[in-house]
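K.L.:
Mapping to this note's numbering: the sequence shown position 20 is 20, numbers consecutive.
No wet-lab data here; the hints were simulated from the structure. Some clues are possibly wrong.
[To be verified] Computed Cβ-Cβ distance ranges for the label pairs, DEER-style:
no.: 1; residue 1: 77; residue 2: 4; range: 20 to 28 Å
no.: 2; residue 1: 103; residue 2: 33; range: 28 to 36 Å
no.: 3; residue 1: 1; residue 2: 114; range: 15 to 23 Å
no.: 4; residue 1: 88; residue 2: 117; range: 19 to 27 Å
no.: 5; residue 1: 110; residue 2: 45; range: 16 to 24 Å
no.: 6; residue 1: 22; residue 2: 45; range: 37 to 45 Å
no.: 7; residue 1: 123; residue 2: 67; range: 41 to 49 Å
no.: 8; residue 1: 74; residue 2: 50; range: 20 to 28 Å
no.: 9; residue 1: 29; residue 2: 131; range: 36 to 44 Å
no.: 10; residue 1: 77; residue 2: 131; range: 35 to 43 Å
Glycine included, each C-beta is placed from N, C-alpha and C at the ideal position.
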Amino acid sequence: MINWYYADAVYAPLYYGYGDTGTFTDRRQRARAWDAEVMKLGPDTVIVLVEASADLIRERMHAQPRARGILQEKDVDLVLDRFREEYNNSLIYRRFTLDTTDATPEENLQAFLRQIWPHLSQGDRLRMLSRLETVSDGLSSPSA
């Protein structure tokens, strides 16, 4: 899942006019309730905070503008802080961050594989290794 309900907790109060702290529609409070539900239904869930520097995000926004993108350049620092806050407050305890600022897509993939590895069950690891051996052209084992 990408952004899942954390995006709602970050963007709703900022851009859509609902979800502020202390209101009936408080999205921070709602996110913790959903975290609890996720942990009950899927205790092996892993949360990954994918981030980049504010400057790089602004560069990417200029290089590839999105007609439907809601993030405004003036809010990049605030949004980064809010996603970090949601990540830090999450009840999902299996977690790691992936900073994409100075890495190529291949390096990001390898970093993800290394960091997800300890969170996987033995069955997940076997399926993943089998898949990597089948479709990869030179990807090394995530345990490296």
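K.L.:
State for each hint whether it applies.
P.N.:
Going through the hints against the structure:
{"no.": "1", "hint": "77 x 4: 20 to 28 Å", "in the structure": "holds, 22 Å"}
{"no.": "2", "hint": "103 x 33: 28 to 36 Å", "in the structure": "holds, 34 Å"}
{"no.": "3", "hint": "1 x 114: 15 to 23 Å", "in the structure": "holds, 21 Å"}
{"no.": "4", "hint": "88 x 117: 19 to 27 Å", "in the structure": "holds, 23 Å"}
{"no.": "5", "hint": "110 x 45: 16 to 24 Å", "in the structure": "holds, 22 Å"}
{"no.": "6", "hint": "22 x 45: 37 to 45 Å", "in the structure": "violated, 28 Å"}
{"no.": "7", "hint": "123 x 67: 41 to 49 Å", "in the structure": "holds, 42 Å"}
{"no.": "8", "hint": "74 x 50: 20 to 28 Å", "in the structure": "holds, 22 Å"}
{"no.": "9", "hint": "29 x 131: 36 to 44 Å", "in the structure": "holds, 39 Å"}
{"no.": "10", "hint": "77 x 131: 35 to 43 Å", "in the structure": "holds, 38 Å"}
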